[in-house]
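First to last, the sequence lines map onto chains A and B.
Okay, so the first sequence: first residue is 912 according to this note's numbering, each after it adds one.
Okay, so the second sequence: first residue is 912 according to this note's numbering, each after it adds one.
It is possible that part of the hints are untrue.
Since the list can't tell identical chains apart, any single copy or any two copies may satisfy a pair.
No more than 27 Å apart at the CA atoms, straight line, and that leaves these computed lysine-lysine pairs for DSS-like [claimed, not checked]: (1) K1237 x K980; (2) K1014 x K1173; (3) K1255 x K980; (4) K1141 x K1173; (5) K1096 x K1141; (6) K1255 x K1026; (7) K1173 x K1139; (8) K1237 x K1139; (9) K1096 x K1026.
Hints were generated in silico from the structure; no laboratory data involved.
2 protein chains.
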Amino acid sequence: MPLPTIEWIGVVDGRIKLIDQTLLPNELKYVYCDDIESIYNAIKTLMVRGAPAIGIAAAMGTVIGIKNKNAVNFESFFKQLKEVTSYLGSSRPTAVNLFWSLKRMEDTALRNSDKPISEIKDILLNEAKTILEEDKEICRKIGENGENLLEDGSCVITHCNAGGLATGDYGTALAVIFAAVEKGKNIRVYADETRPLLQGSRLTAWELKNAGIDVTLICDNMAAHTMKTKKIDCVVVGSDRIAANGDAANKIGTYSLSIIAKEHNVPFYVAAPASTFDLSIVSGDEIPIEERSPDEVTSISGNKIAPDDIKVFNPAFDITPASNIKAIITERGVINSPNTENIKNIIGNKP
Amino acid sequence: MPLPTIEWIGVVDGRIKLIDQTLLPNELKYVYCDDIESIYNAIKTLMVRGAPAIGIAAAMGTVIGIKNKNAVNFESFFKQLKEVTSYLGSSRPTAVNLFWSLKRMEDTALRNSDKPISEIKDILLNEAKTILEEDKEICRKIGENGENLLEDGSCVITHCNAGGLATGDYGTALAVIFAAVEKGKNIRVYADETRPLLQGSRLTAWELKNAGIDVTLICDNMAAHTMKTKKIDCVVVGSDRIAANGDAANKIGTYSLSIIAKEHNVPFYVAAPASTFDLSIVSGDEIPIEERSPDEVTSISGNKIAPDDIKVFNPAFDITPASNIKAIITERGVINSPNTENIKNIIGNKP
């Protein structure tokens, strides 16, 4: 079985080439970003989404942002770099991988402050490429560490898209499924469609179907009935930021799914790289939750589906408490019963 | 404040005139049904929906169905009538009000078997009108009985549409809200959009907004986050069939919402007329769950939102166990902690 690695992003001739994920699955279209406004916009409008993918795109965006800047010394160069990173950092507030990646680019510049500016620019391009390459390796490791949680014949529910389009390789949550399938296990998946932006139906169902995996699409509100009436073995989702105590932010509806899983005694797993942990915050209460435009809820594909001027509450994420999570699957190992102590042992000081 | 009674159905010149609810809120269009195929189709395609409304439409459909039938004696007339009722009864399997209403039309014919056929037809037309009139009275009673569960300043979550478009008057779940507002209470509502057919955004949000009630639209998967971050005082929903033990079938997503409410210690109320109870079945396990077309999940307003030929699970209802329900609000009174004994005391032998 051919498992997918979607080359959704790359730096080509000094521009960022990426798939516009908002058009999938109806249209597979690449767009080119040659300034930071366009990469900011790509992140903001979810052409690129998924915590690790946002980190990769932001690193590449930083390279594009400083490409044409002229600075006579490191001090002024670094000031320009910080303008770029703080602009890109304002695109989306919740996923910590964005800030992790931008900080890594800044630190790389600082470490090379004695070199000529043109050389630092090359080093930063290489760093962005390294972030992408490392993420590929991380996906494989997450898959490897997580796949033995799935027995042959397992049936999994997933939410949103934590697959090839959200990472450098074949995902975090979906990596666990893909790796199990690579080992010859038969895995079936129910994919939550994930309102309002339908990443589950548009991206996850598409990725799994393309990989030949048995996938069934459900609306988010069907997960409880599905757990009650079908044999569901576990839930696996990704995450956008994990607090020191294991509380995990992820796409809106994840918290709901974790409560429903608990009610049905279905194990609930989060799969995420170490870069998703934010050990500077004690609990999920400190994670800022992005609220997005009412239009995302009141219209689909340009068609109005609600009354004019209706008030809308549209949080893009929610927080799943650590107590609802059986284990967090990372590239460094599986953190069972996540809490401050267990997380510290495996994640320690973030690189 | 003008509270709504939407005249969505009536018999006009021997035809049934009804609002095509699939077009709301974008278009308010009446259609005319002058044969049983068209009323069957109206129920099947959800032009008419909501358990009490289906009962009303089916009674009127029965009148239309036997209008032009010629029978020489009661025996052959009743055979024709049974053909009509069993055809209409096959339109949707879950809501018991459909079968209750059709049985009531049959019983009315049987009680009048000594009368001329033309007179029986008139009696049946009157019976259908009586069912509509009685339902109006029932809505008001449900509102009256339920409104004192809502304190001034309460904030309520509701799911799907159990309002004026689902009943003869101003609803079951929404009757509770409308009646509280009539009493001068300030009530705010979060309306689940209710995928896949969006009765919450298209109908409930529209009805509440038209009535000047403070309503905020959310996606179904946002209810848990809303309960956690906003002050939610209770959930009120309708029902399509309630078993003798209090297990209640309602629109898909209701069961999910009941689990989430329990997790947050938010009281969960079901509002429904006595005709929704099916005391012939012991528990919700015996309620048939309608599964509908994949198209409802894979496209919206004709736009595809999922990959081609994706497998879909599309149950239209789910079962909320009685243990998750704090009270069932009926026209005969409020059944607290619903169970077989408490239900029998208030509903007794169904009329």
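Violated constraints from the hint list, given by number and in increasing order: Result: hints 1, 2, 3, 6 and 9 break, sorted rising.
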